[in-house]
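S.K.: Residues per chain are reported as follows:
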Amino acid sequence: MARSTMPLLSVRDLSVAFRQGEREMLALDHVSFDIGKGETVALVGESGSGKSCAALSVMKLLPYPQAHHPSGSIVFKGKDLIPASEREMQRVRGDDISIIFQEPLTSLNPLHTIEKQIAEVLEVHRGLRGPAARARVIELLSQVGIPDPESRLAGYPHQLSGGQRQRVMIALALANEPDLLIADEPTTALDVTVQAQILKLLKDLQARLGMAMLFITHDLGIVRQVADHVHVMTQGKIVEHGPVERVYTAPQHPYTRQLLAAEPKKEPAPLNPSGPIVVRTDDLKVWFPIKRGMLRSVVGHIKAVDGVSIELRKGETLGVVGESGSGKTTLGLAILRLISSDGPVVFMGHQLQGLKFKAMRPYRRNMQIVFQDPYGSLSPRLSVSDIIEEGLWVHHPKMPADERERRVIRALTDVGLEPSTRFRYPHEFSGGQRQRIAVARAIVLEPTFVVLDEPTSALDMLIQSQIVALLRKLQRDRDLTYMFISHDLKVVSALASRIMVMRQGKVVEEGPAAEVFAAPKSDYTRALFAAAFSLETAAADVVAE
Amino acid sequence: MDARAPRSIPETPLTTPTGPVLAPAPSRFGLSPLNRRRWENFKRNRRGYMSLWIFAVLFVLSLSAELIANDQPIYIRYDGTSYFPVLFTYPDTTFADKNDPDVLGTAADYRNDPDLIARINKKGWIVWPPIRFHYDTRVDNPPMPFPSKPTWALTRADCAKAAEGGFAKCDAKLEPNWLGTDVNGRDVAARLIYGFRISVLFGLILTVLSSVVGVIAGAVQGYFGGWTDLLFQRVIEIWTSIPELYLLLILSAVLAQGFFTLLGILLLFSWVGLVRLVRAEFLRGRNFEYITAARALGVSNAVIMFRHLLPNAMVATMTYVPFILSGAVMTLTALDFLGFGLPPGSPSLGELLNEAKANPYAWWLGLSGFFTVAIMLSLLIFIGEAVRDAFDARKIFR
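Going down the list, the protein sequences come from chains L and D.
First residue of the first sequence: 55, per the numbering used here; consecutive thereafter.
First residue of the second sequence: 575, per the numbering used here; consecutive thereafter.
Rather than coming from a laboratory, the hints here were simulated on the basis of the structure.
Short, incomplete list of chain D residues facing chain L, as computed with Cβ under 10 Å:
#, residue
1, 870
2, 871
3, 873
Heads up, simulated DMTMM-like pairs for lysine to aspartate or glutamate below, C-alpha to C-alpha not over 25 Å straight-line:
#, chain 1, residue 1, chain 2, residue 2
4, D, 617, L, 482
5, L, 410, D, 803
6, D, 723, D, 738
7, D, 617, L, 78
Where is the CB? At the ideal position from N, CA and C, for every residue including glycine.
The shape of chain L in the complex, shown without the other chains:
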């Protein structure tokens, strides 16, 4: 796209510092970028690189006065926003510049109807009221592709799916036809199929309305689809910028090269058809009853997992794929008997179904789990050493202290952490390091079977591939059997020897990974792969939001 002589937004030498007690933390260090009219500029970087901070400072939404700008200017339409007063900013926000956030669940007010939330913006900036406002709201909702918008007006956010909520957020942002739309990781919280739809919508709208877009993401695949110009950020600085094609084909800075090479290597564990069966389920069901009325009679069931049969042999990795709500995590928890289920669960030849908590305990040593959220899965008040050795206390209560310590140190070394860090607390570690601690907790008991519940979803690309490499190494060294649950097909394809695609509690397709990826049999699987690998949207009847 041709760039006009005068860019719409011109950020020059912008720095942001946060005061923390006596110390100052520099979050943004002399950052400069321009956005022309109708252009899309992407800021890419891992979490903590300052990309969101840059976006928020354009809107002046940082927590002032803890945050302040030691240097720089933000010139929007020829006017510097840094010295602008709060009142002037209020006129700019939502009218000239608007923003979409990552989490559609928390960015809409749960107590207001859809109509009220959008109409509020119209009233504040345009003074639109009554029927005129309503007509505009309906127009906006149909613009962002919400089917039957009239019937949605009186609805509340919780009645919409995640993708639809994000569409409402976009409608909100577009309400006053802004010149610049800031999209701060707008699809990170969404499923791949929905992500593809939202990206398509944003591109369409941009072309139709001719607005500029500042797109913030950690996902390089998206940038390539969406942006004209890309700025790569790390540690508060822009290290490389240029047209998307140039940056992708000929990256200059080592960090960019590292990012581009971060895609996890495809080296799945081999199939092991003659090995012993580690986990077998037969028609496993997890049904949650729906109770109604005074007598709480059961009127139906939510079928979270509905008749799933698994046969997983030693040393294999079963990749369980599906959108959120497809029951894949529930399946993992049911196999570990952390929630009640129906149908046999056989672990190493032992029937686990129906065992009491105490009777389960000896088996727990051999089956472990690693969770998605490295921030939620470690107790914040225990030191790393306490966290890792907890399992040893349960299963080897008589183990001498020095032996226990040796095991903790070995587990930490195995996951690539310095053993001297074991007296620290989880909050002192980064997300990737925390996930390593969670893996150490799982392997310290030397289990045979580990359920990995989206272990890489909360991590940056670079860290993701490191964790994938770690998991692969551990599997080889210790002959582990994995059940790898993820919505991220790229990561799954890097690890899984078998694939199981789930949808609404049922298995859609199952088979050796190579076969499924090469020739998916069901339409749903094909749509999923298309959305994940090339960000294409599928026909609406295959993937409903």
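We have chain L; now place chain D onto it with these hints.
M.R.: For chain D alone, kept in the frame of chain L given last:
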């Protein structure tokens, strides 16, 4: 967690030769970084921090009330031997020559036996506490009818009246009552010191006990949820709808008044306060992934509750504890004021306030009672506010 002490680590296979030296384990009693930051935040609240110091000094002083206000001397040196009347009771023969016919071998009465004092002073010396009254010591030679004025506030007219009415003369021999006496002729200053101590101790014990019971009840409800929670909550609702004061009046008519009886009765109702809070924290906490992780490790429910969940619930609990403490002190004072508190004769602040109400002209009763209660409660509230702010992770201090 006690087997941490020996730290013999085989270094060879585990660390690279150039690897860093393993960090020593932090001391068991050292504050975790989080708690250190809270302590720093607490200190930054000057008012709360000063209040804590003042309160601590007052409390420690009042704990040694026997050395400050007592009708026994602290120390007696007699005939080359040391005696501690505060701690031990001595017969008056101890301080007399062997065959003195005046002594009877009864317990030495240091206040009302001038001969005894004279004998001791002849062969040694006495160290008195700054206030020579115990909380139940009756002033036997007042300058005016009870309640009598603080000695320093006696006017010439008062002294003239004392001379007429046959009361003690205003001279150097007059025993000082710094804050006057109450209706029963007991020294107000001494009663305030002991009253402060008993109030704070009562409040502390009640707070600790009701926190323990409340936390356990809330933890069980929140952790197990479902029917346990439903039943418990209904029981608590019924329980809290019992009018506390009336029950207290009935019970105090049936049971003998006493420190521990009162504590028990108040405990019956005060434990409910924390339950909701702790229950909510546990309800929230039990769905955290690290709880599921602990269950996946086979950790038992009791250990999960107390090792993983309780520390989180303690933050909410800790912010409330100072307020529970001041509430307990206030309740005790109120009950004493109404006459349903501690047994008669106890050094209670409420009783003092009640006497002040009955004798409004005796300003020294009202003022000293008011200031003691007001200062004590203000200090506790200031400390409580500072604790609450220090635990608030989002609060920014400048």
